[in-house]
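Protein chains in written order, with my numbering: chain A, 1 to 240; chain B, 1 to 232.
Hints were generated in silico from the structure; no laboratory data involved. Because the structure is a prediction, the values reported are computed rather than measured. Using N, Cα and C, we set each Cβ at its ideal position, and we do this for glycine too. One or more of the hints may lead you astray.
[Unchecked claim] As a list, the in silico EDC-like pairs of lysine to aspartate or glutamate whose alpha-carbon atoms are at most 16 Å apart:
| # | chain 1 | residue 1 | chain 2 | residue 2 |
| --- | --- | --- | --- | --- |
| 1 | B | K161 | B | D202 |
| 2 | A | K97 | A | E32 |
| 3 | B | K203 | A | E104 |
| 4 | A | K21 | B | D202 |
[As the list claims (entries may be wrong)] Chain A is nowhere near these chain B residues, computed Cβ spacing over 12 Å in every case:
| # | residue |
| --- | --- |
| 5 | D5 |
| 6 | P22 |
| 7 | Y68 |
| 8 | A119 |
| 9 | I131 |
| 10 | P140 |
| 11 | L152 |
| 12 | I155 |
| 13 | D167 |
| 14 | L179 |
[What the hints assert, rightly or not] To be clear about the criterion: a stretch of chain A counts as covered by chain B if any three or more of its residues have a C-beta under 8 Å from a C-beta of chain B, and this derived list gives those stretches:
| # | stretch |
| --- | --- |
| 15 | 9–18 |
| 16 | 21–31 |
| 17 | 83–94 |
| 18 | 99–108 |
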Amino acid sequence: MYIVSNSRVVNSIYQSLQSTKDLHVSSILYGEPFTGKKMLIKKLYPTSVWVDGENLEEVLHALGNYTQIIITNFEKIANIDVINFNNSSVIAIYNKKNLDPRLESKFAFIYRMPSLSERLEDIELFTKYYIEEARNIFNITTDVTVNIEDIDLSSNFRSLKSSIYKYLLLKQLSQEDLNYALENYFQKHYQGTNVYKELLGLFEKPLIRTGLKLYKSQLKLAEVLGINRNTLRKKINEYS
Amino acid sequence: MNTPDFEFLANMDSNPLLVFNPNGKIVYLNDSAEILMGYVSRLEIYNLALNNAPKDYGMKNSKMELTYEHLNFYGISVGYKNDEWIAIKLYYRPLSKKYSHGDVKQYILTDINKMLSVAIHQYTIDKNIDIRLFADSELPHTLLNQNDFLKLLRIALSSFKEASYLDIMLKLGIGEHLLINGKSYKITILKLESNQRTTKEDKEIDELANRLSIVPNIQETSISFDIPIIQE
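Based on the sequences and whatever the hints tell you, model everything.
What follows is the structure, given as structure tokens:
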């Protein structure tokens with residue numbers, strides 16, 4: 001499965017770049033990191049020469065020897081004045097939310113890749129894609145839905161993907177997995193003279209929080225847990 | 001054969017053409033004359049026609065220097081066939097400013113229509129603007145620095161970012177030439193016009209155009225470019 005985007009703006013950028021493919025033109029695609037800029041350009045220019053802006057020497061060599069070049073991490077080029085595009089076809093990928101105004105006069109075309117939070121159509125598309133991918137990896141055979149509030153878009157595709165994987169992984173944990181995870185955690189935190197009390201919260205906190213969600217009333221929850229009402233209240237205060 | 005669309009043909013001519021009735025009212029003017037009317041009064045042109053009209057029905061050509069702001073003309077034709085109307089045509093002076101261009105060997109034979117099309121597409125990605133395009137699709141290709149030319153188009157188009165509509169016209173400049181390095185070149189005219197325009201980038205537009213041997217005409221609500229057709 002190779003997907004690019006359901007977003008009108010992203011597809012327009014794609015089409016526009018496609019229409020300039022055989023022209024000797026320099027374009028820059030900028031936007032927050034992990035918004036799919038590289039994926040888009042890779043789809044258009046799978047066989048072009050790719051160089052990293054971090055290595056200026058490599059960039060200058062490519063500009064002098066090739067007619068079609070993709071420069072990634074363009075924001076890492078410190079001295080922009082030494083760059084001359086001449087008649088090369090260049091696409092620069094710039095991983096910042098805002099473009100350095102000095103670059104505007106350097107490029108014929110400037111494209112802004114919208115962040116994922118601006119592309120609701122893509123959130124849906126890629127959530128489905130990553131769920132499917134994670135289901136295959138974790139060998140999950142049942143249907144899975146992820147609530148939008150459980151998706152992290154703070155780092156665009158990177159956080160979207162990791163939050164979906166995390167969500168699916170946690171949903172599948174068995175008692176054995178939980179024990180294993182806790183043992184790992186305990187190993188790193190078995191220090192001091194109050195370990196029992198400090199680590200007990202790892203178990204009690206989610207237990208009480210879940211109970212409160214399910215039963216709403218503390219009275220009922222105390223009964224279900226089989227502990228004294230005052231003890232429960234004390235623990236709620238402790239963990240709140 | 002259908003009767004040729006004379007109005008269309010008159011609009012293809014970049015020299016202004018006006019027709020007046022006996023009261024001095026304009027009964028017809030071509031696109032180029034509409035531009036002229038931004039710089040000179042109707043009455044002045046009407047009087048110019050009357051003062052230079054042939055004694056009898058027919059047409060009279062006169063050589064004269066006329067300047068209306070930056071518009072320069074070297075002659076006029078005035079004609080009438082009856083007493084119902086009188087027509088005047090003004091002839092633009094070919095630009096004699098000496099231009100020079102860079103190393104043509106570095107330039108690429110380019111389809112200006114394609115350049116315009118990609119520039120418009122890029123411009124409209126995140127904008128909702130009504131663009132009316134009138135482009136002659138048979139324009140000859142020209143040698144250009146594509147990167148700088150597209151940069152020029154991007155900046156020129158972006159000066160209309162506040163406008164609700166944009167009229168774009170691309171046509172061959174009939175009878176107009178540009179002298180570059182002592183050699184005369186036919187020109188393609190690109191005109192962008194709307195109801196409002198920002199002027200912040202005008203200096204950059206002017207500089208870029210000059211670098212490309214393109215003659216810019218930057219006005220309050222329009223920009224036009226005379227683009228030399230270089231083919232060798």
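Could you tell me which of the hints above the structure violates, numbers in ascending order?
Hints 4, 8, 11, 12 are the ones this structure does not satisfy, whereas the remaining hints hold.
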